[in-house]
Amino acid sequence: DAGVTQSPTHLIKTRGQHVTLRCSPISGHKSVSWYQQVLGQGPQFIFQYYEKEERGRGNFPDRFSARQFPNYSSELNVNALLLGDSALYLCASSLRGDTNLANYGYTFGSGTRLTVV
Amino acid sequence: DQQVKQNSPSLSVQEGRISILNCDYTNSMFDYFLWYKKYPAEGPTFLISISSIKDKNEDGRFTVFLNKSAKHLSLHIVPSQPGDSAVYFCAASAGTASNTGKLIFGQGTTLQVKP
Chain A
779 DAGVTQSPTH
789 LIKTRGQHVT
799 LRCSPISGHK
809 SVSWYQQVLG
819 QGPQFIFQYY
829 EKEERGRGNF
839 PDRFSARQFP
849 NYSSELNVNA
859 LLLGDSALYL
869 CASSLRGDTN
879 LANYGYTFGS
889 GTRLTVV
Chain B
64 DQQVKQNSPS
74 LSVQEGRISI
84 LNCDYTNSMF
94 DYFLWYKKYP
104 AEGPTFLISI
114 SSIKDKNEDG
124 RFTVFLNKSA
134 KHLSLHIVPS
144 QPGDSAVYFC
154 AASAGTASNT
164 GKLIFGQGTT
174 LQVKP
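Order-wise, the sequence lines are chains A and B. Per our numbering, the very first residue in the first sequence carries number 779; after that it's consecutive. Per our numbering, the very first residue in the second sequence carries number 64; after that it's consecutive.
Source of the hints: derived by calculation from the structure; they are not laboratory data. Computed from a prediction, not measured in an experiment: that's the story for all the values here. For glycine and all other residues, C-beta sits at the position ideal for the given N, C-alpha and C. Among the hints, a few may not be true.
Stated by the list, open to error - What follows is a set of in silico ranges between Cβ atoms, one per label pair, in the way DEER data are often shown:
(1) Ala858/A with His139/B: 33 to 39 Å
(2) Gly79/B with Arg841/A: 45 to 51 Å
(3) Lys119/B with Gln795/A: 48 to 54 Å
(4) Asp118/B with Thr792/A: 47 to 53 Å
With the sequences and hints as input, model every part of the structure.
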């Protein structure tokens, strides 16, 4: 069974551009979350979606948006890119979005490395 | 506001000895705590978790201890193996209170196990 898949694995964008990152959760998982990991720091929560509805939003500007599709895959969009958006963007999936964490935690993908120049 | 802190950026231990990784938190609403391991170029991998109603959880070589009064948890790895060398993240969730799966991560501790 495939794990969490993210695409692309790497990309380079110019300041001011827009980027779309994609995530396919583990089959049967209905919750997808997005995290940003800046070098030397722990992952920081951006969004959580469960059954195609936004369940939570972290402290990120409105330039960041996301959505979840009927097949539970998800997209993260970032507009007007800044140099500070350079980071590893991680997608995580789980069966549910709350207490399931206690037993299984999230399953993370390998991430998309975004470099803004 | 760093709600989850891992104050030791790095730790080096000898193979076969115990590794102890520490984590402190400030939010008393956290009800689950998790440890993740991360290798370069990979996503974090879930290791072990503990509910706030317990003070210890064990899984093979990995044991997590929770001291709620001190708002402190630790991960013990016994015996340590060179393959354990990775970055370890402590994470916390207030899932029951927030009805989300939002995890708050510490900064990570890089563990090096020397042969």
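Hint check:
1. Ala858/A with His139/B: 33 to 39 Å: 46 Å, violated
2. Gly79/B with Arg841/A: 45 to 51 Å: For Gly79/B and Arg841/A the Cβ distance comes to about 49 Å; the hint holds.
3. Lys119/B with Gln795/A: 48 to 54 Å: Since the Cβ atoms of Lys119/B and Gln795/A sit about 49 Å apart, the hinted range of 48 to 54 Å holds.
4. Asp118/B with Thr792/A: 47 to 53 Å: Taking Cβ atoms as reference, Asp118/B and Thr792/A lie about 51 Å apart, which means the hint holds.
In terms of the numbered hints stated before, the structure departs from hint 1 and from no other.
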